[in-house]
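Enquirer: Residue-level listing of the chains:
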Amino acid sequence: MARWEFTWSDPDAFPILPKYGQFPKLLNRKTHRRDNSVKKDLPTMKFSEQPSMPANKFSKRLTEELDDSSRGADFLRDLSSVYRDAYSRALAIVGNRADADDVMQEVCIVLWQKYDEFEQDRDFRKWACGICFYVAKAFMRKRRRQSFGLSDRSLAKIEQIRAGGAELFELRRELLHECLDKLGERDQQFLEDCYGSSLSQVEFARSQGMSVETVYTRLKRLRRKLIECINRNLGKGF
Amino acid sequence: MPDERELSPREEVRQLADAMYDRRMSPESMRRLDELIADDLGCLQAYVERIDFHGEILNRAQDRRQANQAASAVARMVRTRHVQESRQSQRLAATTAACVLFMAGLIGWMAWSKDLFSSRVGVIAGLTSNVPDGAAGFELGQILRKGYVLSLDEGIATLQLPHVLVDVIGPARLKLKSIRQIELQSGSVHAVVQKGGEGFSVRTQDSEVVDLGTEFVVTCTPGSGTEVNVRRGRVQTSLFDWRGVPTKVLELTDNRAATFLQRSEQAREIDFKPKVFQPVDLTRGGIRSIDGALRTAAQPPVTLQSNQLTTPNHMLVVPERQDVVLEQDLVITGLEGPTKIPAGSTLSSYLIHYDPTARVSFAPRGAVTYFGRIATVLVTSSALHATDATFGLEGAIYDQSEARGLELPGDEIRISNDRKTISYFFGVDLPSFLDEARVLVVNE
Chain V
1 MARWEFTWSD
11 PDAFPILPKY
21 GQFPKLLNRK
31 THRRDNSVKK
41 DLPTMKFSEQ
51 PSMPANKFSK
61 RLTEELDDSS
71 RGADFLRDLS
81 SVYRDAYSRA
91 LAIVGNRADA
101 DDVMQEVCIV
111 LWQKYDEFEQ
121 DRDFRKWACG
131 ICFYVAKAFM
141 RKRRRQSFGL
151 SDRSLAKIEQ
161 IRAGGAELFE
171 LRRELLHECL
181 DKLGERDQQF
191 LEDCYGSSLS
201 QVEFARSQGM
211 SVETVYTRLK
221 RLRRKLIECI
231 NRNLGKGF
Chain F
1 MPDERELSPR
11 EEVRQLADAM
21 YDRRMSPESM
31 RRLDELIADD
41 LGCLQAYVER
51 IDFHGEILNR
61 AQDRRQANQA
71 ASAVARMVRT
81 RHVQESRQSQ
91 RLAATTAACV
101 LFMAGLIGWM
111 AWSKDLFSSR
121 VGVIAGLTSN
131 VPDGAAGFEL
141 GQILRKGYVL
151 SLDEGIATLQ
161 LPHVLVDVIG
171 PARLKLKSIR
181 QIELQSGSVH
191 AVVQKGGEGF
201 SVRTQDSEVV
211 DLGTEFVVTC
221 TPGSGTEVNV
231 RRGRVQTSLF
241 DWRGVPTKVL
251 ELTDNRAATF
261 LQRSEQAREI
271 DFKPKVFQPV
281 DLTRGGIRSI
291 DGALRTAAQP
301 PVTLQSNQLT
311 TPNHMLVVPE
321 RQDVVLEQDL
331 VITGLEGPTK
341 IPAGSTLSSY
351 LIHYDPTARV
361 SFAPRGAVTY
371 FGRIATVLVT
381 SSALHATDAT
391 FGLEGAIYDQ
401 SEARGLELPG
411 DEIRISNDRK
421 TISYFFGVDL
431 PSFLDEARVL
441 VVNE
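Each protein sequence line maps, in turn, to chains V and F. Position 96 of the first sequence, counting from 1, maps to 96 under this note's numbering, and the rest follow consecutively. Position 102 of the second sequence, counting from 1, maps to 102 under this note's numbering, and the rest follow consecutively.
Hints are supplied without guarantee of correctness; some may be wrong.
Stated by the list, open to error - DSSO-like cross-link-like pairs, simulated, lysine-lysine; straight-line CA separation at most 27 angstroms:
1) F:Lys175 to V:Lys142
2) V:Lys137 to F:Lys175
3) F:Lys175 to F:Lys273
4) F:Lys146 to V:Lys142
5) V:Lys182 to V:Lys142
6) V:Lys220 to V:Lys182
7) F:Lys177 to F:Lys146
8) V:Lys142 to F:Lys177
9) F:Lys195 to F:Lys146
Don't read these hints as lab results, they were simulated from the structure.
Using the sequences provided together with the hints, build the complete structure.
Expert: Structure below.
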């Protein structure tokens, strides 16, 4: 069983939640996911030799650049440490996985191009996430010109809320994992297949032999169950 | 049993966030979501929590599949670059071979049809102040191309096409089919067709309105039909059947109107409605185009006193009284010195109003082009005060301070040689930030 230590955060830090005026700051927590906040030593394997990435599909010049142990490996290591944070930022702006993937590809390009300008004593996470926000915002603007999207004003507010409520969101994520573990195996597998697949909802439904409506109904039920579980557990800590 | 409770705003946001993640959003849903989260912190938090929730389930799913997201993203970046490089070298070889043939063909094609060469249809020549800054696709001077779809939520955008001025009255959605045709999907457009623009047409799902030299408004309400009001000139209107083939034709002239509904095959004349022209008359008047940090007023202001109608990052053009016939000579000191405008002249007035707040640090530039010729520009406080009663908006309250006018030469103002365009560059001077000028335009 994990040992918990609590400190109480400033109740005014999150004034819009009077119900949760204070919430525990979790230290030494048990996580269900890899801790990406700590820079890990990646294997000394070159980028082009990573599994499932055949070398003959690479751009030769770019691969050589990435294989340079002093630069490419540093870049991959830094990027890996912040990727989740940057991705969740992009997802909050663009709202869905496919667009977030596109944004992150663009972010990777920008970060790689500007990596030489980055001073090593700066905070890479802050730098990368800042670039991610601007790339995502530009993506949304382009989307608005073509069809529709959230306004710049809303995007700025989303970013503020994310920054201001980071601890609460982290707590909710921890609880989400506990709640996911409580689901039946079939439900867990369904969510993993649905969220982890790159197929559209229609294609996914077809691959599962279900109608689209059935997929949505099941997703809605599972999401509601998880949210109720999270909210219940949030209340228990007070 | 379906849940029939009315949703709270936060619950509505959560459902919209789910729809956004599942890529099931419509433009209306997105607008609704934007509206909810823009002004309510609780709704904003609900949105961020919900998207974060989806993101974390996605992370877990990918962890289970042992996917290294960062490496995958970089690998995609590399593959994209590889594809781009391959395509580049192939393209280079193909382009070299095709270049000579292309040039020969192009010269022949240009000689045959110079109109088709450019897909440019027009330009955005005016915006009212309630078109949000940075709104998708709406910037002054923006070039509009064939096939472009405009979707305006509020305000009025003025499009300048060759010999045609089109005011799009939001909310509206339209497609620019060519320099001579727009397809109105919903909302209203007001068109002024000048000489040389005859044949310009507005098409809706119910009908097509072809101009024969006129000013008219077309309003399309999907499902409820199309209404055409002609203020002056002549248009030919056709009702479409379900195949889009014209069936009935009506020709409308001055002060006439008609309504068309495809599904009931209805095309009939109705009473002319002058009020459909009001939004444009009140916001644009005789202004042909605006440029730079300028906007036309979304509606006639009630007060123009200092600090009551602030304009932090643009100048406001306010059409005042239009078509004022002078009963006696008007002798007044304007920008170019003492000016006499003879009795019987018909003038329209436009007030330029600039009232930034203390936080503004940049000075805006802009220009306004009118259909008529500029008779004079009143820039001193005394001249403004003296002409408020004659040319000012009825019922509006004007500033009576002595710092109301321009502070020349710090504030710059120039009239073009053809006297149709006036350019501004206003500084920010204490103690009063307010700068105003009144432009009197001779109606032509």
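Enquirer: For each hint, tell me whether it holds in the structure or not.
Expert: Consistency of the hints with the structure:
1. F:Lys175 to V:Lys142: This hinted pair holds, its Cα atoms lying about 18 angstroms apart.
2. V:Lys137 to F:Lys175: Satisfied, since the Cα-Cα distance of roughly 26 angstroms is no more than 27 angstroms.
3. F:Lys175 to F:Lys273: Judged against 27 angstroms, a Cα distance of about 25 angstroms means the pair holds.
4. F:Lys146 to V:Lys142: holds, 18 angstroms
5. V:Lys182 to V:Lys142: This hinted pair is violated, its Cα atoms lying about 41 angstroms apart.
6. V:Lys220 to V:Lys182: holds, 17 angstroms
7. F:Lys177 to F:Lys146: With a Cα-Cα distance of about 6 angstroms, the restraint between Lys177 (chain F) and Lys146 (chain F) holds, given a limit of 27 angstroms.
8. V:Lys142 to F:Lys177: holds, 21 angstroms
9. F:Lys195 to F:Lys146: holds, 22 angstroms
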